[in-house]
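A.B. asks: Okay, here's what each chain looks like letter by letter:
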Amino acid sequence: MLTAQNTITWLDKFGDAIEKNKAYLSDLDTPIGDGDHGNNMARGLTAVKAALADKDDADLTTVFKTIAMALISKVGGASGPLYGTAFLEMAKASKAGTTDLPTLLAAALAGIEKRGGAEAGDKTMIDVWTPVLAAVQAGNLTQAVIDDAVESTKPMIAKKGRASYLGERSVGHLDPGAVSSGYLFTALLEVEAN
Amino acid sequence: MKKIINDPKDVVPEMVDGLVRAYPQYLKQLPDTEAMVRSDTASMAGKVGIVSGGGSGHEPTHAGFVGKGMLSAAVAGQVFTSPTPDQIYAAIKAVDQGKGVFLVIKNYSGDVMNFDMAKDMAEMDDIDVKSVVVDDDIAVEDSLYTQGRRGVAGTLFMHKVLGAAADQGASLDELDQLAQAVLPHINTIAVALSAATVPEVGKPGFELADDEIEYGVGIHSEPGYRREKIKPSKDLVAELLGKLDDSLQLDQSHQYAVLVNGMGATPLMEQYVFSHDLLDALAEKGIKPAFMKVGSYMTSIEMAGISLTIFDLTDAKWLDYLNYPVETIAW
Ligand SMILES: Nc1ncnc2c1ncn2[C@@H]1O[C@H](COP(=O)(O)OP(=O)(O)OP(=O)(O)O)[C@@H](O)[C@H]1O
Ligand SMILES: [Mg+2]
Chain L
70 MLTAQNTITW LDKFGDAIEK NKAYLSDLDT PIGDGDHGNN MARGLTAVKA
120 ALADKDDADL TTVFKTIAMA LISKVGGASG PLYGTAFLEM AKASKAGTTD
170 LPTLLAAALA GIEKRGGAEA GDKTMIDVWT PVLAAVQAGN LTQAVIDDAV
220 ESTKPMIAKK GRASYLGERS VGHLDPGAVS SGYLFTALLE VEAN
Chain R
6 MKKIINDPKD VVPEMVDGLV RAYPQYLKQL PDTEAMVRSD TASMAGKVGI
56 VSGGGSGHEP THAGFVGKGM LSAAVAGQVF TSPTPDQIYA AIKAVDQGKG
106 VFLVIKNYSG DVMNFDMAKD MAEMDDIDVK SVVVDDDIAV EDSLYTQGRR
156 GVAGTLFMHK VLGAAADQGA SLDELDQLAQ AVLPHINTIA VALSAATVPE
206 VGKPGFELAD DEIEYGVGIH SEPGYRREKI KPSKDLVAEL LGKLDDSLQL
256 DQSHQYAVLV NGMGATPLME QYVFSHDLLD ALAEKGIKPA FMKVGSYMTS
306 IEMAGISLTI FDLTDAKWLD YLNYPVETIA W
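Chains as they are written, first to last, in this note's numbering: chain L, 70 to 263; chain R, 6 to 336.
For reference, chain L alone in the conformation it holds in the complex (with noise of 0.2 Å):
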């Protein structure tokens, strides 16, 4: 279940493993992307923290909704509308009542997948957030799930995004949108264990 609270908690430990590998995140988007998602994501995380610092009253669809105009406006790139978008579909599900993670992180994905068009295998950050998605359901989300999931977009060829333009010279590199997407749900998971 989430609350305002741990949600809070979620994004600033988010923000903490975003800021301590932004360069490493920035390295993976250069041979294949344009170098820029570290800093992307950087400059959005920062943001979110600043937006979040007088939430702490705040309801869920409150935190959710400020976590999204914060990335939507600051991030830019293609992650900020994605990631915008995945928190502006959890606020609209709570606000329609639910705190429960699987619905919530169900609505978050239907979102990215319809604003970015891509699908499982297209090496983007839907590789991460699939079976992720698949492991909440079931309750068994572990450290592994993640990192298999992360791991599984190396091989891929890329059909969505920048790293598209490479085709089969896409293969053989982390998509960075997945490993930033990895960080995030280990931040949930560090949360969930609490």
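There may be inaccurate statements among the hints.
[As the list claims (entries may be wrong)] Calculated pairs, EDC-like style, for lysine to aspartate or glutamate (alpha carbon to alpha carbon, straight line, at most 20 Å): (1) L:183 / R:121; (2) L:91 / R:12; (3) R:14 / L:88; (4) L:161 / R:125.
Source of the hints: derived by calculation from the structure; they are not laboratory data.
Here the structure of chain L is known, so what remains is to put chain R with the ligands in place on it, guided by the hints.
C.D. replies: Quick look at chain R with the ligands alone, frame taken from chain L:
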């Protein structure tokens, strides 16, 4: 990295501020954004607004083409990164005159998604918005299963044609039809000699040996289709023109507009040498361009190289649009 900048994080806001203060007769900045709108608001009255934008690093695109007869507003994103929907939306709102707003988007997943979100926001405010996604770069295979072709220097012709038509009172639907009609007739292909360095990244987007070139490179260091040793200008012309000929089927009975575009670090001297070889090669095919421009219009920071755009003017009106007078910083 050697650049005339302050903190790499501040490059875009400082550039926008410098640009707007240097050219107040053309541009004004919307508060708290990196969106720049036409200062000559009277020239927009009663007309459809044209909004373009994208990542920074392509100067003078996009803001250099804001002005009477061309764009109504340009939105600058971070370097090589799409602008965000809130800023695009602010620009749409600022230029809407009740006749709707037309968006010119380059085909990158980031740009398409951010502009789409801005469109959703504007529609909630009852502003009619239509758009075109420019994909003139023939270096990339077009296919249903990929992102498709990229939008590059040919976007300049799209801006010009739409701007002229809008200034003459075309409706939103007419602009939409015009954009769709023009789109397949603009094709571009590039060759790079060296890469661009994004300030916040600090190192070049790719490495080329001193004597190496790469054909088909995009405007954000996207990889091309072939690397080889540097060749004389006429051989570069033969390669690029050959590709364009394959896709456009050049025909001496047609009229063409040509853009020889420097990518940032390539001097005009080299662009004119290339133009000399290009005009010779076209003449051999019995073609004399009806319209031609040479210069650095769609750059990629300090990348060295040239892109060649050919626009097949299948409708005679399009040439009039290209020749239509404008008041901008850079056309
Ligand atoms: N259509 C899509 N659907 C899902 N995920 C996508 C899509 N396009 C890109 N991505 C994800 O976004 C990541 C890249 O994000 P990044 O912040 O680097 O934006 P970008 O593609 O460089 O945008 P821009 O072109 O504006 O610079 C990819 O690694 C991929 O996971
Ligand atoms: Mg990127």
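A.B. asks: Now tell me if each hint is right for this structure.
C.D. replies: A quick look at each hint next to the structure:
no., hint, result
1, L:183 / R:121, "holds (12 Å)"
2, L:91 / R:12, "holds (17 Å)"
3, R:14 / L:88, "holds (15 Å)"
4, L:161 / R:125, "holds (16 Å)"
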